Amino acid sequence: MTDQPRRRSNAAPLDRRDFLRRAGLLGGAVVVGGPAFLAACGGSGIKAKSSQTTGAHALTSGCPLPAQKADKTLAISNWPLYIDKKTVADFQTASGIATTYKEDFNDNEEYYAKVRPILSTCKGIGKDIIVPTDWMAARMIGLGWAAKIDPAKVPNRKNLLASLQHPGFDTDRSFTMPWQSGMTGLAYNKKAFADLGIPAPRSFKDLLNPKLKGKITFLTEMRDCVGLWMLAMGKDPSKATFADAQPAFDQIKSAAKSGQVRRFTGNDYADDLSNGNVIAAMAWSGDVVQLHQNNPNLEFVVPDEGGMLFSDNMMILATSEHVADAEAWIDYVYDPKNAARITAEVQYISPVQGVAEELAKIDAKLAVNPLIFPPAEVQKRLHIFVGLSPTVEKQFNTAFEQILNG
Amino acid sequence: MAWLVLFFMVPIWYLLRTALSTSDPSGNTSLVWRWANFSDSWSAYHSQYLRSFWYALLCTIFCIAIGYPLAYAIAFRGGRFKTLLLGLVVVPFFTSYLVRTLAWKTILQDDGPLVRVMRDLHLLGGQGRLLSTSWAVIGGLTYNFLPFMILPIYVSLEKIDPKLIEAGKDLYSNSFQSFRKIVLPLSLPGIFAGSLLTFIPAAGDFVNSALLGSTNTRMIGNVVEGNFLETLDYPSAAAISFVLMAIILVLVTIYTRALGTEELTV
Amino acid sequence: MSVADAPARSGAARWLRWVGKHALTGWAILGYVYLFAPIIVILVFSFNDLRGVTHPFNYTWKGFTLDNWAHPFKYSDLAHAMVKSLQIALIASLIATVMGTMIALAQSRYKLRATSLVDLILVLPLTTPEICLGSSLLTLFLTLGRPGLGFTTILIAHVMFCVSFVALTVKARVRGFDWTLEDAAMDLGAPPFRTFTRVTLPLIMPGILAAFLLSFSLSIDDYIITVFNAGNTITFPIAVFNEQKIAVPPQIDVLASMILLVSVGLIAVGTVSRLVRDSRLASS
Chain Y
19 MTDQPRRRSN AAPLDRRDFL RRAGLLGGAV VVGGPAFLAA CGGSGIKAKS SQTTGAHALT
79 SGCPLPAQKA DKTLAISNWP LYIDKKTVAD FQTASGIATT YKEDFNDNEE YYAKVRPILS
139 TCKGIGKDII VPTDWMAARM IGLGWAAKID PAKVPNRKNL LASLQHPGFD TDRSFTMPWQ
199 SGMTGLAYNK KAFADLGIPA PRSFKDLLNP KLKGKITFLT EMRDCVGLWM LAMGKDPSKA
259 TFADAQPAFD QIKSAAKSGQ VRRFTGNDYA DDLSNGNVIA AMAWSGDVVQ LHQNNPNLEF
319 VVPDEGGMLF SDNMMILATS EHVADAEAWI DYVYDPKNAA RITAEVQYIS PVQGVAEELA
379 KIDAKLAVNP LIFPPAEVQK RLHIFVGLSP TVEKQFNTAF EQILNG
Chain W
21 MAWLVLFFMV PIWYLLRTAL STSDPSGNTS LVWRWANFSD SWSAYHSQYL RSFWYALLCT
81 IFCIAIGYPL AYAIAFRGGR FKTLLLGLVV VPFFTSYLVR TLAWKTILQD DGPLVRVMRD
141 LHLLGGQGRL LSTSWAVIGG LTYNFLPFMI LPIYVSLEKI DPKLIEAGKD LYSNSFQSFR
201 KIVLPLSLPG IFAGSLLTFI PAAGDFVNSA LLGSTNTRMI GNVVEGNFLE TLDYPSAAAI
261 SFVLMAIILV LVTIYTRALG TEELTV
Chain X
210 MSVADAPARS GAARWLRWVG KHALTGWAIL GYVYLFAPII VILVFSFNDL RGVTHPFNYT
270 WKGFTLDNWA HPFKYSDLAH AMVKSLQIAL IASLIATVMG TMIALAQSRY KLRATSLVDL
330 ILVLPLTTPE ICLGSSLLTL FLTLGRPGLG FTTILIAHVM FCVSFVALTV KARVRGFDWT
390 LEDAAMDLGA PPFRTFTRVT LPLIMPGILA AFLLSFSLSI DDYIITVFNA GNTITFPIAV
450 FNEQKIAVPP QIDVLASMIL LVSVGLIAVG TVSRLVRDSR LASS
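Chains as they are written, first to last, in this note's numbering: chain Y, 19 to 424; chain W, 21 to 286; chain X, 210 to 493.
Hints were generated in silico from the structure; no laboratory data involved. The structure presented is a predicted model; accordingly, all values stated were derived computationally and were not measured. Possibly wrong hints are sitting among the right ones.
As the list claims (entries may be wrong) - Looking from chain Y toward chain X, a few residues come up when the C-beta cut is under 8 angstroms (computed):
#1 I136
#2 D289
#3 S292
#4 P314
#5 V396
#6 Q397
Said to hold, decoys possible - Derived DEER-like restraints, expressed as beta-carbon distance ranges:
#7 D181/W - L225/X: 22 to 32 angstroms
#8 S195/W - T274/X: 36 to 46 angstroms
#9 E186/W - V473/X: 49 to 59 angstroms
#10 F273/X - N387/Y: 29 to 39 angstroms
#11 H310/Y - L295/X: 35 to 45 angstroms
#12 A56/W - T189/Y: 37 to 47 angstroms
#13 A85/W - V481/X: 34 to 44 angstroms
#14 G479/X - L141/W: 23 to 33 angstroms
#15 L271/W - K90/Y: 52 to 62 angstroms
#16 G215/Y - V473/X: 29 to 39 angstroms
For every residue, glycine included, the Cβ atom is placed at its ideal position computed from N, Cα and C.
Go ahead and model the full structure; you've got the sequences and the hints to work with.
What follows is the structure in structure tokens.
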């Protein structure tokens, strides 16, 4: 009895490494769209160098690093509910760097839209580190918005899981370091399903049951929503063409039109889910682990047909006047002890090696939680959305936007 | 004055310019006099335009239905509490617009008291709901723009000489007739101004739809907001915005002509 | 027969009138209930006990606590946004009041050649949906070598829509103004500036004050125009809109209640002091 959890906790890191190696494949996916993307977005300087597909040279043609300040301050924009309550304060004490940590990165496209007019003139947005999702990180590196991370200043870089060290959009991790990874799948209220007398959902197709009309939500993040529905329609989103995605678009559209889907959400599905307006939602794994603590009836499953996998990456902006302070922060959160504390709170999948061991000291149960350390069987069913060229991306976005506009 | 010209008239010129441009995927625009942006905006989003005007119309009608009797009651039944009663109409609007709208989420939610009562009265089916439906959005719009209806109506009612009403009572046998023949016509300017002040902002609103609605209640404002601030499709967003402005201007002109008054100011 | 009929008919008529009268009152009361329902929700839910919840969504009642009021600024983002909103509202309405008053005075004092054109330009922003104003300003700022969206652009936008309100409010006030008073003062040898501060200004002050308050409340509450021109600057309405996607802490209701109580308090004080002054004037 006591043996089994230990064995699983030992096995978990191995499984996870293998699993995140697949996350590394994301790189491969982005490379497909990489050169075309850089050519389309950048100025002539980027175009010439884009044949190297890494974007590593974008900096030279992107924004020049401004004069650095020595006032030891740091401003970070991250996603909401993505850190514990102690880390920022502890980092300030340990480093003497006055850190402003804002949870104002709500949506990749929205954030991009907000900062583009400013960053495209190489003016600062008052932030040093932001945390875009892989595909958005790829875009931003291509635009020359990222500052190079000095490996010598981040010794804990060695703790980055091998599988994540060479993604296609940043092949030697010169510009980004992963913050957390996570799964997109299905969250549901098991009590509400029992009350309705229908079995717990195993697939997104189960959500089309007329009894659930107006009681489900989908995500506004295009890659998550379309990716999950492509899986439900038997297509592979990691090598999708726009034509492949059509059935998924049609399905999402008819569900939206008929009112089967109550609405499309960002993180705010949490609100509908916890106050009972909604009993099943497209959701992010870590959120649901947290919600589960307030309402034990809420469960997360990776659907039978498969779920999506994403990573969010810390990126130092090329307009930062505090690159050294930013590097100190990255180094700090790559210390497995600190990383484990963050994981214990946010309960997403950590990119830092040694977290499972450290986490076992804090909370043995979490160290074997399948949503944080997904078992091999689940890992097999996770997919990463294909890298899209700007033209194809626009096709996808337009089609999706049309659905959102009703 | 120069300020208004600079930051109202000039921006509209730029809006028009942007509406005639094309953009690349990273959002840079170039002016190519692409008039088709206008027709595209209508063909792609006509359902949102029509929905917006429909919602705004319903909102205006509800505002009159709720606001007129209220203004009437304050003006003729208020007595010495008139000022207080009128003040009470305005007080709710000292809290934040967004917070007020969020409060409706509490009132309208599926397990909330209102839905439960309406289900018991069979006004709603067993699975019926209010939140994330058109009714929630229209209700929110009506709520948020109600004072813009009440105040002008009150002002016009207040101006009516009580002697006229007395005379009316003598002239016509019942009070309803005297209301129809005297009070109503005299308060028309108030209704007129109130309707404009409700219809125009309601047609361009996107907050109520965003907070209380769903994809099936998206209004043209949501499209403009999304295209400007999320998908960065500036030309299309500018074209939609421009068309909206033009339609409203035309509607206002027709409305003004039809009612034979040029006075827009209250 | 007819004699017996008369009181019955008048009884029915009285009954009808009674119904009519009370239907109106009842409808008006319902109207007030509608107006106040969300306000009561805000006030009540500002005491909602959501401590220990990681995703606080203040939509369902969990229990009573004074904790939210004890820590109204617990969410520093909201508090900062509130400060920013107050700054913008104050500066914008000051500028708008000065400019709007000047427009109104110029218009009523001097027969401007283009008065009707000026009128049209003043009224147009009021008859244009906010979203068109906001988006057209955005296109301007984007095209003009971008001063960078932020505090300044919000300020410009707010002054823009407040000026119209100020000008129209002040104009309504000065419509009945007796300009011969100004001439009289100048005839008595008062220099123009002194005339303005001593004669004109005090007379139109109530109108200006009302216009200022109106601008302030419009500015502090504006979301639609602001969100287009805010860039990275977060005002209170923007903070609330962003926040509601993640969590709706009861502190939002606390801050909203504070605004409400402060403004109602100010109005009450203003009214009472005016009443006191009026009665003193009347008695003297």
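Going down the list of hints, with the structure as the test:
no.: 1; hint: I136; in the structure: 6 angstroms, holds
no.: 2; hint: D289; in the structure: 4 angstroms, holds
no.: 3; hint: S292; in the structure: 6 angstroms, holds
no.: 4; hint: P314; in the structure: 14 angstroms, violated
no.: 5; hint: V396; in the structure: 24 angstroms, violated
no.: 6; hint: Q397; in the structure: 27 angstroms, violated
no.: 7; hint: D181/W - L225/X: 22 to 32 angstroms; in the structure: 26 angstroms, holds
no.: 8; hint: S195/W - T274/X: 36 to 46 angstroms; in the structure: 52 angstroms, violated
no.: 9; hint: E186/W - V473/X: 49 to 59 angstroms; in the structure: 37 angstroms, violated
no.: 10; hint: F273/X - N387/Y: 29 to 39 angstroms; in the structure: 35 angstroms, holds
no.: 11; hint: H310/Y - L295/X: 35 to 45 angstroms; in the structure: 39 angstroms, holds
no.: 12; hint: A56/W - T189/Y: 37 to 47 angstroms; in the structure: 42 angstroms, holds
no.: 13; hint: A85/W - V481/X: 34 to 44 angstroms; in the structure: 35 angstroms, holds
no.: 14; hint: G479/X - L141/W: 23 to 33 angstroms; in the structure: 44 angstroms, violated
no.: 15; hint: L271/W - K90/Y: 52 to 62 angstroms; in the structure: 58 angstroms, holds
no.: 16; hint: G215/Y - V473/X: 29 to 39 angstroms; in the structure: 51 angstroms, violated
The structure is inconsistent with the numbered hints 4, 5, 6, 8, 9, 14 and 16, although it conforms to all the rest.
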